[in-house]
Amino acid sequence: MNKFELQPPSHATAPERPVRAPPWPRPIVVVCEDEPALRELVRVSLGEDAYTFLEAADGDEALTLLRTYTADVLILDLMLPRRTGLEVLAELREEPRTAAVATVVLTAQPDYADRARELGADRVISKPFLPDDLAAAVREVLEAER
Amino acid sequence: VKERGLVTQVAFVSAVLAAALVTAFTVLLLAIFQLRESSAKARHAQQVIALANNVQTLVVDLETGLRGYLITKNERQLEPFYDAKQAYPKQLKQLDRLVADEPKQRPLVASIRQATNDYVNTYGPDLAEFLRRNPTLARAVIKTQTSGKRVTEIREMFKRFVSAEQAIAAERDESARRNADRAIGLAGAGAALALLLVFLFAVYIARQIVRPIRQTAAAAGDLAAGDLLSRVEIAGRGEVRALGESFNQMAASLERTQGHLEEQNRRLRESEHAKTELINTVSHELRTPLASILGFADVLLRRTELGGDERRFLDLIRAESQRLATLLNDLLDVQRIEQGQIDLVRRWIDLNELVETQVALYSAQSERHTVDARVPSDPTPVYADPGRLAQVIGNLLSNAIKYSPEGGAVVAEVTPAADFARVEVTDDGVGIQPEHQSRIFTKFFRGEAARFGIGGTGLGLALARQMIAAHGGRIGFVSDQGVGSTFWIEIPAAEGAEVADITERRSQRAGERP
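So the sequences go chain by chain: A and B.
Under this note's numbering, think of the first position of the first sequence as 22, with each following residue one higher.
Under this note's numbering, think of the first position of the second sequence as 773, with each following residue one higher.
Certain hints may be false.
As the list claims (entries may be wrong) - Distance windows between CB atoms, simulated:
1. B:A1136 / A:E166: 16 to 22 Å
2. A:P57 / B:E1049: 36 to 42 Å
3. A:T89 / B:G1230: 47 to 53 Å
4. A:P57 / B:G1230: 32 to 38 Å
5. A:E166 / B:D1252: 57 to 63 Å
What the hints contain is simulated information worked out from the structure, not anything from laboratory work.
Here a beta-carbon is modelled for each residue, glycine too, at the ideal position from N, C-alpha and C.
Work out the full structure: start from the sequences and follow the hints.
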């Protein structure tokens, strides 16, 4: 467990964060990123208690998760071991079950941004990013889906 | 063996040709002179014959006069006799002169003179006197034909003289004709020889000079067209040969150089490719850890109750991470622009709005500076990539603030003009040293910024210049050291068909106003 998670969520420092509580189910976010630190940063940025996070360290894991659960958002790194994020993106667009998932792409290579958009990424965020920017992007794609 | 030079060779051949021609003409001239001399001699003989006939007539006149007198006893009949007697010695003398070069004829002339003198002395005036006194006897003399016989003898002599002279004339005619034939033959032969020599000379020029030069010219044409394997067949002599050899050497050298260049070029491309790869990789590899540093620093700043120092340190970590991210972006931008990979996403924008936004952003950065925008009341439409243009203007504002470390006023002013819009960013900072002014748009050049403790990568202005160039605009500056700098950019305002579009947008905007 990360030590940050032990601390109570500070709504005062992130006022725009949506407060989601039962009976509404929390949105499911699949985080596909090979760097554990960054997976954690994504969780912390979006708010541990606002979403249900499913984590994948590579594209295959992410596809398995997406086929198994009905995810609301996929946060996808492009530079992944074995198959690249772009390949994962192309593959999930072909399957009816995964095709509709909202996607926020994280990339360290701005050159791939256009290609990712062509493959249906809803938002492209370059690394490094500010936590608020990522949170705002996820909120926006969720609202657009609704 | 040292080759004789081309000029020497041509001179030599020309000299031979000239000598041959001179010889032919000399021979021809000699033949003509000889012909003329023969003709003159033939004419001379005819003259001699004519004169001889003349003298003979005079002798006949002597006899005729004498006879006439004897028959008529009229002294007037003697006049021809006296006339002839007076004229003949002179004419005989002339005849003797004319035949001076004819040894056989001279004695004959002498005999004629002797006989004529005898005749005149024997039958001259004395005979007339004698006749007056003894007419009968005198008639007998006439009858016996004594005088007539004498004259007949003289006429015989003349006949021999003339026929001898005619023979001489005939012989000389023949000789003149032979000479004429020979002259014609020689002239023909000379002309033919000259023609042959000229022809040979032409063949020589064509073979030794023209053909090799033409081949070299053709090969040079091929070479110029890019065929580096073009070579000439070595032919000719002297300079022409040297030309061919030099041409081949040059072509070979070009081919080698081209090979080297291609090899070098290939290596450069490889090295360039490696550099690109390196920058891409480094940039990517740095971004992931940087994302953690920046992200967690930001999260900490928001969540944690922090002491003054801790907050300040976290602020520093976040700010420096962002600077590092900007640096990585600039590096990638420079590389992309240099490789022509930058794609401008251009649309019609209001330059005033863009400048005001940037000014608002940067005025919040420093409390010691006042950053103001001066923009016209009407919109200033430009066709540009708003993100890139904002980057450039932001860079100019950031520089203006950075290079006025003591604080001061920074002004960004927009001036529309007929076919472009101008933005000037003026500060009253440290200015630029004159010796640095020519280099400030050079990549990684930072002048004395480091010495003043002013941060930066030296990429900002290099990028700005390339971005503005990509927009078809211009960038420049005026700076006085210690007084301040003004950096300006000019962006083309409108081009061609899009002018109509912009007018429409303007009126729409005007309509939207309350």
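Here's how the hints hold up against the structure:
1. Remark: the range hint 16 to 22 Å for B:A1136 to A:E166 is contradicted by a beta-carbon distance near 35 Å.
2. With their beta carbons about 27 Å apart, A:P57 and B:E1049 fall outside the hinted range of 36 to 42 Å.
3. In this structure, A:T89 and B:G1230 meet the distance hint of 47 to 53 Å, their C-beta atoms being roughly 52 Å apart.
4. In this structure the supplied range 32 to 38 Å holds for A:P57 paired with B:G1230, their Cβ-Cβ distance being about 36 Å.
5. Remark: the range hint 57 to 63 Å for A:E166 to B:D1252 is upheld by a beta-carbon distance near 59 Å.
Checked against the numbered hints above, the structure violates hints 1 and 2; every other hint is satisfied.
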